[in-house]
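Asker: The sequence shown begins at 207 in this note's numbering and counts up one residue at a time.
Worth flagging that the hints you see were computed from the coordinates, not collected in a lab. There could be a bad hint or two in this list.
[As the list claims (entries may be wrong)] Mimicking EDC-like on lysine to aspartate or glutamate, the simulated pairs with C-alpha atoms at most 16 Å apart in a straight line are:
hint : residue 1 : residue 2
1    : K218      : D259
2    : K293      : D274
3    : K281      : E225
4    : K281      : D236
5    : K273      : E311
6    : K218      : E296
7    : K241      : E311
8    : K281      : D259
9    : K315      : D259
10   : K273      : E296
11   : K244      : D274
12   : K244      : D318
13   : K315      : D223
14   : K273      : D223
15   : K244      : E311
16   : K315      : D217
17   : K273      : D245
Every value quoted in this text rests on a predicted model; they were computed, and no experiment measured them.
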Amino acid sequence: MARGTWQDFIDKFGFNDGESVDTLDYAARDFLVRKLNKDSRMLRNRVRAVAYDFAGVHNGCRILLVKDTGRVKLKNRMEGDLPASIKFAELPPELGDDIDEIVYESYDKAWDALIPSSRSKRRRSTK
207 MARGTWQDFI
217 DKFGFNDGES
227 VDTLDYAARD
237 FLVRKLNKDS
247 RMLRNRVRAV
257 AYDFAGVHNG
267 CRILLVKDTG
277 RVKLKNRMEG
287 DLPASIKFAE
297 LPPELGDDID
307 EIVYESYDKA
317 WDALIPSSRS
327 KRRRSTK
């Protein structure tokens, strides 16, 4: 199974138009959104990442980048129709060189969360 890219997460047609998305991608997205929303570069630029779930769209594993204006209570995950007052944003330029590494790390954390390592299994079995 191939890992998704940043472009897969933000593109309406990412993950092969949504056809190749799986459980690991959704888990990685959750880690990615949390990591981005704690990043000082995102905070300084008042940009928030939001996992966006909307039935019937091409790519159901999307991340939206929105401007945190303080007018709308933004959650890490949103569903359905978005409030009209949401302003979309771009990834802060200073994150551009690091985003691929952040995506990669998010997949590693997702993998560890979904597939307990054999070392963890051994620790549990010796108790």
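Asker: For every hint, state whether the structure bears it out.
Answerer: Hint check:
1. K218 / D259: Given pair K218, D259 holds - Cα atoms ~12 Å apart, limit 16 Å.
2. K293 / D274: holds, 8 Å
3. K281 / E225: violated, 26 Å
4. K281 / D236: Given that 16 Å is the threshold and the Cα spacing comes to 12 Å, the pair holds.
5. K273 / E311: violated, 24 Å
6. K218 / E296: holds, 15 Å
7. K241 / E311: Holds, because 10 Å separates the two Cα atoms, which is no more than 16 Å.
8. K281 / D259: Distance ~12 Å between K281 and D259 Cα, so the pair holds.
9. K315 / D259: violated, 21 Å
10. K273 / E296: Status holds; Cα separation ~9 Å.
11. K244 / D274: Given pair K244, D274 holds - Cα atoms ~13 Å apart, limit 16 Å.
12. K244 / D318: violated, 21 Å
13. K315 / D223: violated, 25 Å
14. K273 / D223: violated, 26 Å
15. K244 / E311: holds, 15 Å
16. K315 / D217: With a Cα-Cα distance of about 22 Å, the restraint between K315 and D217 is violated, given a limit of 16 Å.
17. K273 / D245: Answer holds: K273 to D245 is near 15 Å, not above 16 Å.
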